[in-house]
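Engineer: Take a look at the letters that make up each chain.
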Amino acid sequence: EAGVAQSPRYKIIEKRQSVAFWCNPISGHATLYWYQQILGQGPKLLIQFQNNGVVDDSQLPKDRFSAERLKGVDSTLKIQPAKLEDSAVYLCASSLVRGYEQYFGPGTRLTVT
Amino acid sequence: SQQGEEDPQALSIQEGENATMNCSYKTSINNLQWYRQNSGRGLVHLILIRSNEREKHSGRLRVTLDTSKKSSSLLITASRAADTASYFCATDAGAQKLVFGQGTRLTINP
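Quick note, the sequences are listed as chains A and B, same order.
Position one of the first sequence corresponds to residue 1 (my numbering), numbered consecutively onward.
Position one of the second sequence corresponds to residue 1 (my numbering), numbered consecutively onward.
Don't read these hints as lab results, they were simulated from the structure.
Quick caveat, the model's predicted, so the values are computed rather than measured.
Worth double-checking, as some hints may not be accurate.
[As the list claims (entries may be wrong)] Here are the in silico distance ranges between beta carbons for each label pair: (1) A:85 / B:39: 17 to 27 Å; (2) A:8 / B:66: 36 to 46 Å; (3) A:109 / B:60: 42 to 52 Å; (4) A:20 / B:77: 42 to 52 Å.
Ideal Cβ positions, reconstructed from N, Cα and C, are used throughout, including at glycine.
So here's chain B without its partners, still in its complex pose (with noise of 0.2 Å):
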């Protein structure tokens, strides 16, 4: 069962803009996990941010959650050529299982 939706499926900057991508889900969770994934260095972990938290930073990548919208944002500032990769939440919504979104799919153009 998809727990998270990622909006929108697929997005296209330019270097040097920000993106923002969404992320809602259907019942009460535990965490939720960001993770990136390239054709070169698979899936990769960029941030978890517990159902406590609002707001975390890790360098260029900023997400907030809000559990009475169940849903969460990665906003990636100042974007590279690098971030070109396809970005997928996970939530925890008990039993320490994630449960994966379809994925954004991040092109940045140069």
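Extracted from the complex, chain A is given alone in its bound form (with noise of 0.2 Å):
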């Protein structure tokens, strides 16, 4: 079974720019989350997609962040523009039941200069 894609691995860019990252779930897994995990912490959920509508994007900010699921399946990340603070990696991860097992991808790992 495939796991979880999610590509670039790294991205460097300058504070200001935008930047967007992709993410494919394992077949058949209806939710997909998108997390930000900043050095020496763990996970934060920003954004829970339930087929291609958001079940929870309470704390993504939604001033420089989006996210869409287009066919329920692949999803992307954008921040547009990044701030320092923006530094960190950003996770994709599936399930096939929502509040249950989640399979996570690699890993973007981002860093604004």
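Using the hints, put the two standalone chains together into the complex.
Structural biologist: Here it is, written out as structure tokens:
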């Protein structure tokens, strides 16, 4: 079974630039999550999709972050414009059943200079 | 907001010894999950325990849950070098949304 795919793996940008991350979840998983993990901390949920609908985006900084999941499969997370404090690893995860076991991708390490 | 807090923040033991880490949380939960994260494999789900369960086993892992104390523990028996990683507890306190703690960094010394 193929795992959760993410790209790119690493990205370095300057502040005020924009960046986008891509995620392909495990086939058949209706729920998709984006997390932000700052060094030394646990992952923080940014947004949760059920199929192509948003279930929870309460911790997504909507003035600069946006996410979409077209056709209920792949998802993209965008930051525009980036700030220094956005430097983190962005993790995508998917699950067959909401609230149960989540499968994580390798993450994208973003450095904002 | 941080729901779970792991204790200790860091733990270093000799290979073969047992490792115990604890998680405390603040509100009622539907389930509690433990995840492992190392540089090679990213975040991996280890075990899920429901609020009506008190103990679960999976291989060398044993998880307990005490809902009256709002706490859980993860025991790794007969530790191996490959167990070196950060371990996170995550709670589902409703809305099927997981909230992760800060993690325990476990180092297994040969």
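Engineer: Within 17 to 27 Å: is that where the Cβ-Cβ distance between residue 85 of chain A and residue 39 of chain B falls?
Structural biologist: 23 Å, holds
Engineer: Is the hinted range of 42 to 52 Å satisfied by the C-beta distance from residue 109 of chain A to residue 60 of chain B?
Structural biologist: For residue 109 of chain A and residue 60 of chain B the Cβ distance comes to about 31 Å; the hint is violated.
Engineer: Is 36 to 46 Å a correct range for the gap between the Cβ atoms of residue 8 of chain A and residue 66 of chain B?
Structural biologist: 43 Å, holds
Engineer: Evaluate the given range 42 to 52 Å for the C-beta pair formed by residue 20 of chain A and residue 77 of chain B.
Structural biologist: 44 Å, holds
The earlier numbered hint that this structure contradicts is number 3, and it is the only one.
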